[in-house]
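Chemist: Given next are the chains, with one letter for each unit.
Protein chains: 2
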Amino acid sequence: MRADARDNRARIMTAADEVFGRTPGASTDDVARLAGVGIATVFRHFPTKTELLEAVLTLRLERLRDRALELADSDDPGTAFYAFFTQVVSESASKLAIAEALAAAGTAIGADTQKAGQGMREAFDGLLTRAQRAGAVRADAQFPETYALLIGASRGATAAALEPHVRDRMLALIYDGLKPRS
Amino acid sequence: MRADARDNRARIMTAADEVFGRTPGASTDDVARLAGVGIATVFRHFPTKTELLEAVLTLRLERLRDRALELADSDDPGTAFYAFFTQVVSESASKLAIAEALAAAGTAIGADTQKAGQGMREAFDGLLTRAQRAGAVRADAQFPETYALLIGASRGATAAALEPHVRDRMLALIYDGLKPRS
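Here the protein sequences come in this chain order: A and B. Start counting the first sequence at 8; every next residue gets the next number (our numbering). Start counting the second sequence at 8; every next residue gets the next number (our numbering).
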C-alpha cells in the first residue's frame, strides 16, 4: 500500500471509530465527511460497511489487549488490574456502540475480530492472575465470573448512561468485592 | 371487557412474554399461534406490535415491583434485598429481550412502561434502605450506584449468556462488595 493510501485508511478508521462510537446508526457518508475523503475512497478500502465496522472494532480490541500486555509488566499488579478494569468500563459506551452497529448489520463477528477479542480476554486473565498472586484480588475469583463482572460493569455504565462519579462509585463497590477480605 | 375477551388478552400477553422473551425478532403471528388465537384477535387487543411489546414489558416491571413490595415486609431485610437482586438478574435475559425488541421497533418507551419502571426502582430503593438499616448492606452504597450494579449484573449475565453457576459466583462477588466490612 502506498503512503497516501495508508494515510487515508488510517484517517477513515479514526473517523469511523468516532462516528460509529457515538451513533451506531451513522452512515458511511458521515465517516467519509469526517475523514475528509470521498465516499469512493472509503469503499475502495472497505467495500462494505460491515468490513469497516469490523476493522474498527478489531482495532479497539487490539488496543485494549496491548494496554493489558503493557500493564502486565507493572511492578504493582494490583493497581495494573484495577486500572485496566476501569479503562475498559470507561471506554465501553463507544466500543459497545460499534459492536451494536455490527450486530444491527446482522453479520456474525468475523475471524479477525474474534481473534482480537480472544487476545483481549487472555491479556485480562494474565492481569487477574498476577493481581491475585500479589494479594490484590481474592484468590477464589475465577476468570469467568471476573470477566462477567467486567462485561456487566461496562454494559451497566453504558445502558444507564452513568455520570462519571456514579460509575466510579459503582466500580468502588465492585472492587471491594474483588479484594481479599482482611 | 367480557370474560372471554379478558381470557384472550391474558393468553396473548402470556404467549407474547414467552415468544419475545426468547426471540426479540419474533412476529405477532408467532404470538397468535402460541396463544391459540387468530391474528385478528391479537390485533383487536393490540393494534400494533409496539403496543403488545409495551404491555408485556410493563407487566414484567409491575410484577418485579410487586415482588419487591412483598419482600419489603420481610422480617429479614438483608435476605429480602439479595433475593430480589438475584431474581432480577436471573430474569434479565428474557426481560431484556423484550426491551430490545421494543428498542428495535424504534419507539420511545411509553408512559405506562416508564411509570412501571419508576415503580420498580422505587421499590428496589425501599429494599435497599431497609437492608442498610438492618446492617446487611453497607451504609455508604447509595441508590444510583447500587441500581447501576443491578443493571450491570443483569446485562452482563445476558450478554455473556452466563451459565447459572458462573452467574451465581459473579453475584457472590458483587454481594461481598455490598456487604459492610466487618
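No lab work stands behind these hints, which were simulated from the structure alone. Predicted model, so just to flag it, every value in this text is computed and none were measured. Heads up, the beta-carbon is just placed ideally off N, CA and C, and yes, glycines get one too. Incorrect hints may appear among the rest.
[Stated by the list, open to error] Pairs of lysine-lysine residues, derived as DSBU-like cross-links and limited to a Cα-Cα distance of at most 35 Å, are as follows:
#  : chain 1 : residue 1 : chain 2 : residue 2
1  : A       : K122      : A       : K102
2  : B       : K122      : A       : K102
3  : A       : K122      : A       : K186
4  : A       : K102      : B       : K102
5  : A       : K186      : B       : K56
6  : B       : K122      : B       : K102
7  : B       : K56       : B       : K186
8  : B       : K186      : B       : K122
9  : A       : K186      : A       : K56
10 : A       : K122      : B       : K56
11 : B       : K122      : A       : K56
12 : B       : K56       : B       : K102
13 : A       : K56       : A       : K122
14 : B       : K56       : A       : K56
15 : B       : K186      : A       : K56
16 : A       : K102      : A       : K56
17 : B       : K186      : A       : K102
18 : B       : K122      : A       : K122
[To be verified] Coverage of chain B stretches by chain A, computed from C-beta distances (three or more under 8 Å per stretch; other residues unrestricted):
#  : segment
19 : 37-47
20 : 158-165
21 : 176-186
Chemist: Hints first: check each against the structure and report whether it holds.
Modeler: We went through each hint and held it up to the structure:
1. Among the hinted pairs, K122 of chain A with K102 of chain A is consistent with the structure: their alpha-carbon atoms are about 16 Å apart, no more than 35 Å.
2. A threshold of 35 Å between alpha carbons decides the hint, and for K122 of chain B with K102 of chain A the separation of about 31 Å falls inside it, so the pair holds.
3. A hinted pair counts as satisfied when its Cα atoms are at most 35 Å apart, and K122 of chain A with K186 of chain A qualifies at roughly 30 Å.
4. With a C-alpha separation of about 24 Å, the suggested pair K102 of chain A and K102 of chain B falls inside the 35 Å cut-off, and the hint holds.
5. The straight-line distance between the Cα atoms of K186 of chain A and K56 of chain B is roughly 47 Å, outside the 35 Å bound, and the hint therefore fails.
6. Distance hint between K122 of chain B and K102 of chain B is fulfilled; the C-alpha atoms sit about 16 Å from each other, no more than 35 Å.
7. Distance hint between K56 of chain B and K186 of chain B is unfulfilled; the C-alpha atoms sit about 43 Å from each other, more than 35 Å.
8. As the CA atoms of K186 of chain B and K122 of chain B are separated by approximately 30 Å, the hinted pair is consistent with the 35 Å bound.
9. With a CA separation close to 43 Å, the supplied pair K186 of chain A and K56 of chain A exceeds the 35 Å bound.
10. Using a Cα cut-off of 35 Å, the hinted pair K122 of chain A and K56 of chain B is violated, with the two alpha carbons roughly 38 Å apart.
11. The hinted pair formed by K122 of chain B and K56 of chain A fails the criterion: a straight-line CA distance of about 38 Å is larger than 35 Å.
12. The suggested pairing of K56 of chain B with K102 of chain B holds, with an alpha-carbon distance near 16 Å, which does not exceed 35 Å.
13. Restraint check for K56 of chain A and K122 of chain A: satisfied, since their Cα atoms lie roughly 20 Å apart, inside the 35 Å limit.
14. For the proposed pair K56 of chain B and K56 of chain A, the alpha carbon gap of about 29 Å is at most 35 Å, so the pair holds.
15. In summary, the hint linking K186 of chain B to K56 of chain A is not supported, as the alpha carbons are separated by about 47 Å, beyond the 35 Å threshold.
16. Between the alpha carbons of K102 of chain A and K56 of chain A the distance comes to roughly 16 Å, so the proposed pair stays at or under 35 Å and holds.
17. Taking the CA atoms of K186 of chain B and K102 of chain A, the gap is near 32 Å; set against the 35 Å cutoff, the hint holds.
18. For the hint pairing K122 of chain B with K122 of chain A, the CA-to-CA distance comes to about 43 Å; that exceeds 35 Å, so the pair is violated.
19. Counting residues of the segment 37-47 of chain B whose beta carbon lies closer than 8 Å to any beta carbon of chain A gives 0, which falls below the threshold of three, so the coverage claim is violated.
20. Residue count for the segment 158-165 of chain B with a Cβ under 8 Å from a Cβ of chain A: 7. That meets the three needed, and the coverage hint holds.
21. Counting residues of the segment 176-186 of chain B whose C-beta lies closer than 8 Å to any C-beta of chain A gives 9; at least three are required, and the coverage claim holds.
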